[in-house]
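In order, the protein sequences belong to chains W, U, Z and D.
By our numbering, the letter at position 23 of the first sequence is numbered 42, and the numbering carries on one by one without gaps.
By our numbering, the letter at position 106 of the second sequence is numbered 125, and the numbering carries on one by one without gaps.
By our numbering, the letter at position 227 of the third sequence is numbered 246, and the numbering carries on one by one without gaps.
By our numbering, the letter at position 244 of the fourth sequence is numbered 263, and the numbering carries on one by one without gaps.
Just so you know, the hints here were simulated from the structure itself, not pulled from any lab data.
Values in this document were obtained by computation on a predicted structure and should not be read as measured data.
Careful: at least some of the hints might be erroneous.
One copy or two, either will do: identical chains are not told apart, so a pair holds if it fits within one copy or between any two.
[To be verified] Straight-line alpha carbon distances no greater than 30 Å define the calculated DSSO-like cross-link-like pairs of lysine-lysine that follow:
no., residue 1, residue 2
1, K158, K249
2, K80, K249
3, K249, K328
4, K346, K230
5, K346, K369
6, K229, K26
7, K328, K230
8, K26, K230
9, K328, K229
10, K250, K158
4 protein chains.
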Amino acid sequence: MPATTMKALRKVRPERGAQLETVPVPSIGPNEVLVRVRAASICGTDLHIYGWDRWSQSRIKPPLTFGHEFCGVVERVGEEVSAVAPGEFVSAEMHVNCGHCHQCRVGEAHICQNLRIIGIDQDGCFAEFVRIPATNIWKIDPAIPEHYAAILDPLGNAVHAVLAGPVAGQTVLVTGCGPIGLMAIAVAKACGSSSVFATEVNDWRREMAKKMGADVVLNPAEGDAVARIKKDTAGTGVDVLLEMSGNQGAIAQGFRALRAGGRASLLGIPSNPVSLDLVNDVIFKGATVRGIYGRRMFETWVQMTSLLKAGRLNLDPLFGERTSLEKFDEAFSLLQGGHAGKVLFYPNGKPR
Amino acid sequence: MPATTMKALRKVRPERGAQLETVPVPSIGPNEVLVRVRAASICGTDLHIYGWDRWSQSRIKPPLTFGHEFCGVVERVGEEVSAVAPGEFVSAEMHVNCGHCHQCRVGEAHICQNLRIIGIDQDGCFAEFVRIPATNIWKIDPAIPEHYAAILDPLGNAVHAVLAGPVAGQTVLVTGCGPIGLMAIAVAKACGSSSVFATEVNDWRREMAKKMGADVVLNPAEGDAVARIKKDTAGTGVDVLLEMSGNQGAIAQGFRALRAGGRASLLGIPSNPVSLDLVNDVIFKGATVRGIYGRRMFETWVQMTSLLKAGRLNLDPLFGERTSLEKFDEAFSLLQGGHAGKVLFYPNGKPR
Amino acid sequence: MPATTMKALRKVRPERGAQLETVPVPSIGPNEVLVRVRAASICGTDLHIYGWDRWSQSRIKPPLTFGHEFCGVVERVGEEVSAVAPGEFVSAEMHVNCGHCHQCRVGEAHICQNLRIIGIDQDGCFAEFVRIPATNIWKIDPAIPEHYAAILDPLGNAVHAVLAGPVAGQTVLVTGCGPIGLMAIAVAKACGSSSVFATEVNDWRREMAKKMGADVVLNPAEGDAVARIKKDTAGTGVDVLLEMSGNQGAIAQGFRALRAGGRASLLGIPSNPVSLDLVNDVIFKGATVRGIYGRRMFETWVQMTSLLKAGRLNLDPLFGERTSLEKFDEAFSLLQGGHAGKVLFYPNGKPR
Amino acid sequence: MPATTMKALRKVRPERGAQLETVPVPSIGPNEVLVRVRAASICGTDLHIYGWDRWSQSRIKPPLTFGHEFCGVVERVGEEVSAVAPGEFVSAEMHVNCGHCHQCRVGEAHICQNLRIIGIDQDGCFAEFVRIPATNIWKIDPAIPEHYAAILDPLGNAVHAVLAGPVAGQTVLVTGCGPIGLMAIAVAKACGSSSVFATEVNDWRREMAKKMGADVVLNPAEGDAVARIKKDTAGTGVDVLLEMSGNQGAIAQGFRALRAGGRASLLGIPSNPVSLDLVNDVIFKGATVRGIYGRRMFETWVQMTSLLKAGRLNLDPLFGERTSLEKFDEAFSLLQGGHAGKVLFYPNGKPR
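Please construct the entire structure, taking both the sequences and the accompanying hints into account.
Written out as C-alpha cells, the structure reads:
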C-alpha cells in the first residue's frame, strides 16, 4: 500500500527557521508526476527563506515545503502522462511556465510572464515526495551519479550563463565564486575557454576556484585585479565576463576588465540599483550584456546532461555534507558561513 | 594648376567659437586620397567643439579643422591607391582603425583600441578639401543625392543600432528623437518593424518623429509613457529598445518598457554614470543589451547604401538649412536651439 | 442544441478525387478545441491528395477529411483548456508535435521526430468543424481579415524562409513563384531587402511576382537569368536565395547566382535527388544553406501576425476564387492549371 | 651581408615532380615582410601540385616555389610596416585578399572575390625565405613550439569548420580522417563536444582518430555506420557533421546520420558534382549547411592561437617525418600512401 504521509521541511510561520513536519503525500493531477526524492540540495535562496529576509517576507506564503534542487525516482504518474514512467530516475525544471504568454510562444519559456517556482510558490522537494508537472520532468541517464543529478538546477544556471555567447578560445573572467560561479569555471574550461580568471574575497572559495580549474584566482581586496587581468591579456581585457556576485564593486571591476566587443553574462543578483559607467563600459566598448535567469527550457538541460554524460565536468570538489532532513539546522548553519560546498539532504535514506 | 590653399573652418584657440581660415590644401601619402568636399553636415559633436565644452577641452588639440560628415568628389589619390580614382563620388568612414589590435583582427574595427577620428583627432571636412586613408573611402552610387550622401555617418549610427539584433516583425521603442533617433525610426520601419513608439520631450522633434514614420509618439513629461506602451503591446512591452537620448530618465523608462527577452541598443551618451535596476530590467528579464558605437566597418555601410539605393528610406523631412562655410555662426546658433534638422555646408559651391 | 453532424470533404477511397460527406462533428478531449471553420484554403498538397499521386498513396490513409489552411471561430473547448475561449477568432498550426523528443526539447518543435499533420494524418479543415489541440491554436486579431487569416500556414512558410537569416539591406532571389514564392517576395520587401529578383517560367506567375513587389522578374527559359542577376549586382551575386521551386535547374541557377558568403533557404521540394556542384556553389563560396520546413512554433507566427497587424504585407493580388465546399471539383481543376491564386472554401457561409 | 640567393623547391615544368633550385631571395615592397622559414609543412594540395593532377594543370603557372604552411622568423620589413619587426616569430595567412570587394567589405575576407594564394598563385614557403604582405603576418607566442606553428593553416581549417556553429555539449561526426579531420576531432573535444564519432576507411587513420580523442571510430566499409551512430544517439542522430572527405558516399552517410535541426560543415572537396537527397537530408530536416573555405581572417587565428597557448590541443600524434628540403622526393612518396602524419621541411637547419 502506498504511503499516505511523509516528512517535509516546512516554513510554517512568517519568521526565521523551519520545521520538519509530517504531511500528506501530494496527490497528482492527470498531467503530473509524483517523484520520490533521493537527494535534495540547498540553494542560497533556501538560506534566504530559512533566514526570513525581506525578499522572503514579500514572496513566501507559509505554510510551504521549500527546496527546489533535487533528483529522485518516479513513484507514479497522472493518467495523461506518457513520456515518463514509474521507476525512472529524474530531476526537474522547477520553474513552471504558463505555455501561452508571448515569451512561451517565442521559445523563451524561462522568462515566462506567469512563471511559478516549485519550492517557492508551491510545495518543493525538501520532503520524501514532490509533485511535478510532467512537462517539467527531466529524465537522467543512470550513469550520472545522484549527487550530480541533485544539482542540475544551479549547474543549469552556470551552463546558461557560459553558453549565452561564444566561449571557445575565449578568455573568461568569473566575478564571485559561490557555487554557481565555481561551476561556471568548470563549464567554461570544458567548453574551450583559454584562460579563466576568477575574483573572490573569500579565502575558502578562492581555494575552490583553483580546484575547479581557474587559471588565475585573484582577491580583489588585495591588489588591482583589473590591472592584473589587463596585463595578462596584453592590455586587451577578457572576452567574456560571467558576473556571479551581484556586488556593485565586482560588477564595476568586471566591466572594466571586459574588452571592447566583449560579452557580459549577468547572473548575480544585486540587492540595490547599480551605478554603471554606461559610456565607457558598454557603449564605447560595443559590449554585449546578457541577463541570465534560470535555465533555457530545455536547451540548457540538453547541454548540461550531454557534458555530464561525456564526463566533461568534474564537480566533485563542490560537494560538502550529505545529511538527513532531520539535521536541517546544522545544514543551514554550515552554509551561512560561506565555507561549505553544496550540502545535500537524503529524505529517503542514505547516499548510494 | 591645382589649388594650393583652401578655406577651412577651424578651432584655433582653446575657447568657444571657430574661425574660417585659409590654409594649405592637405598633401597626401601613398595610401591616401584627397577629396573635394561637396556637402558637409554638422553633428552634435561639432556643436560641442564649437561651444568648447568639458569633453572638447580634454580631447581637441587646436588648431584643428573640424567636421566629420560629408560627401565629395575624389581630387587625387596616392601612388599605392588602386581601388578608387579621381572623379568618383564618395563619402568616408571617419573613424580610422589601426588594423592590428585584437578588435581589428576579429572583425570589430569600429571599436579598434587605437581609433583616431578625422575631424576630431586630425583635420576634418569643414573645408574645401579633406585627406582620407584610401581604405576609409566609401564610393557612392550617383543615384544617391548629395544631401543624403553627406549624412551617412549618423545614418550609419542609426542602421548599426537598429540592425544589432532582429527587427522584422518586432515592436520598437526609440527614446530620444534627435537626428539619429529620427533616422532610426525610418530605418526600423524600412526593415520590417511592426509598431514604432517614440518618446521625446521637444515638441518640434515629436512632430518630426511622426513625419519619419513613428506609429505612436509620446511626450514622457506628460502622462505615463511606459504604461501606454505596455497597454499597446498587450502588457508585454516592446521587443526592441533603441536608446538615443543618453538621459537617465529615458534610459530607465526604456528598460521598463522593454519586454522580458527583449534587446536594447544603447547609443545615446549619458554625461554621468547611470543607475540601473539591473535585477528587474536586465537579469530577471533575460534582456540583451548592445552598446552601439560608430558603424560596423563596413557591414553597416553596405546595408545603408543598399537601403538608400533601393529608395527604402525617406529622410527628406530631416534636412534643414543648406548654407556656406562663411555662415557658420548662424548655422551653429540655429542648431543649438534643437529646433533644426540636419544643417549642411557646401564649401565648393551651391547645392545641386 | 449543438450540431451533431457536419459536411466534410473527404478522400474516401484510395483513388483520384474526393467526396463531400455528412459525418459526425468531432468530439474533443480535455486539452482540445473545436473550431467552426470560416475560410479554408487549398494547398498544393491538397492537389496531390485529390490527384492521388505517389506521395499521397504512401502517406494518406482513407477515409480522411483533408485541408490544413484555415481560420474560424472557437465553438467549444475541453475542460483543461484555459488559454482560449468559445467565440474567439483563431487559426492553428496544423503540425502537431510530440513535446518530448530531442527537437521538441531544444525549441525546434517544427521538426519534431514524431510530427503529425492535421489534414494529412488526421481529419482536417475542409469541413464545418475541425478538432485542434489547444496548444496549436493561434488567436487572431480581429483586425486581420478572414481571407488573410486563412492562409497563415503558407504565409508562415514564406516568413520562415525569408527570416532564416539576415534580409535587411540585402539583395534577394526568389526561384519559383508559386503561392509561397509570391508571398516571400512581399515578405522580403517588407523586411528591408533592397532588390528582389524573381525567376519563374509561368507567364501568369511572373505577372503576379511583379504585383507582389519583385524588382526584376525573369523567365529563365528566355535568356541567361544568372548573367542578368550578376550584372545587376556588380558581379557579386545576391545575398539571399529563396528556393521555392524544387526544380533541379532552378536550384542550380539559384546557387550560381548566390554570392560567396550568401545564404540559401531551401523550401521547394524536389521529387528526386539533386545534383549539386558542392565545391563551387557551397564550399568555396562559404555559403550557408538552411532547410526550411513548416513554421517555427511559434516565433514565425508572432512575426507574421505582427507584420499583418501593422499592415506591412499586401497580399491581395494572391487571392482567387472564394467558393463553397460543394464546388470542390471546379476549385481543384482551376488550381491544377497553375493559373490561379489562393482558392478559399467557406464551409459555413459566404465570405464577409 | 644579407643572403642574396636561397634554396627553393619549385615546380619548373608542367609535369609531375619538382626541383630544388637556387633562386634570388625575394625583394619586398613597402608593405611586405620577408620571413626566414623555420618549418614548412606539406599539404594535400602540395601533393596534387607535385603529382601534376588536372586541377594543378589548370591553376599552377610554372615556374613556382610551392608550399603554404609554415612558420619562421622575420628577416626584414618594408618601410611602411610598423606592426611587426625583424626577429619576431611568425606564421602567415597565405590567402591574400583584395581589401575592396563586397566580401572584404563585409568581414568575409576569406572568401574575397580576388583571392590569391601564396604557394599556389605566387611563390610560397618551401624555401629559405618567403615574402608575405604585412597584414597577412600572424605573430606567434614563443610558447608555441615550431612544429605546431608550422601547421596553423590546416589547423585553422579545422577550427573554422568546428566553430562555424555551436559545438559545446553537442554530438559530432567527423567523416574522413585526413590531417584536417584528425585535427577537427581534437578541436571539437577541446571545445566541449560530448561524443565525437569518426568514420574512415584507412586503418592507420582510424588508429590516429582514436589517438586524437574520437569516442567512437567506425570503418564505413564494414557494418552500417549510420545505424550505429543513430543507436548511440538514442535514434536522434548527431548534432554536428564535419565533412572532411569530399567522398560522395561519406557525404551521403554524414547527412543521414545528422539529426533534424543539425549543422553540417562541409570542407572536403568532392571531385565531381554530388547527388544529395535534399528533401530528406536538408529540407525536411531543417538542417543548416555551412561551406567552409580557408580560415576566417583573423577570428579563426585568434581562436586557434588561444587554444594552443592554453594547451587545450594535443596534436603530437599528428606529426610524422621532419626532414630537409633536399629529401622532398622521399617526403612526397611517404605521404602519397596516406599512412603518414604531417611531414615537415626545415629549410634553414634542424628542428629545435
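Verification of the supplied hints:
no. : hint         : verdict
1   : K158 to K249 : between (43 Å within a copy, 19 Å between copies)
2   : K80 to K249  : between (47 Å within a copy, 29 Å between copies)
3   : K249 to K328 : between (36 Å within a copy, 17 Å between copies)
4   : K346 to K230 : within (28 Å within a copy, 49 Å between copies)
5   : K346 to K369 : within (13 Å within a copy, 68 Å between copies)
6   : K229 to K26  : neither (38 Å within a copy, 51 Å between copies)
7   : K328 to K230 : both (21 Å within a copy, 21 Å between copies)
8   : K26 to K230  : neither (36 Å within a copy, 52 Å between copies)
9   : K328 to K229 : both (23 Å within a copy, 19 Å between copies)
10  : K250 to K158 : between (45 Å within a copy, 18 Å between copies)
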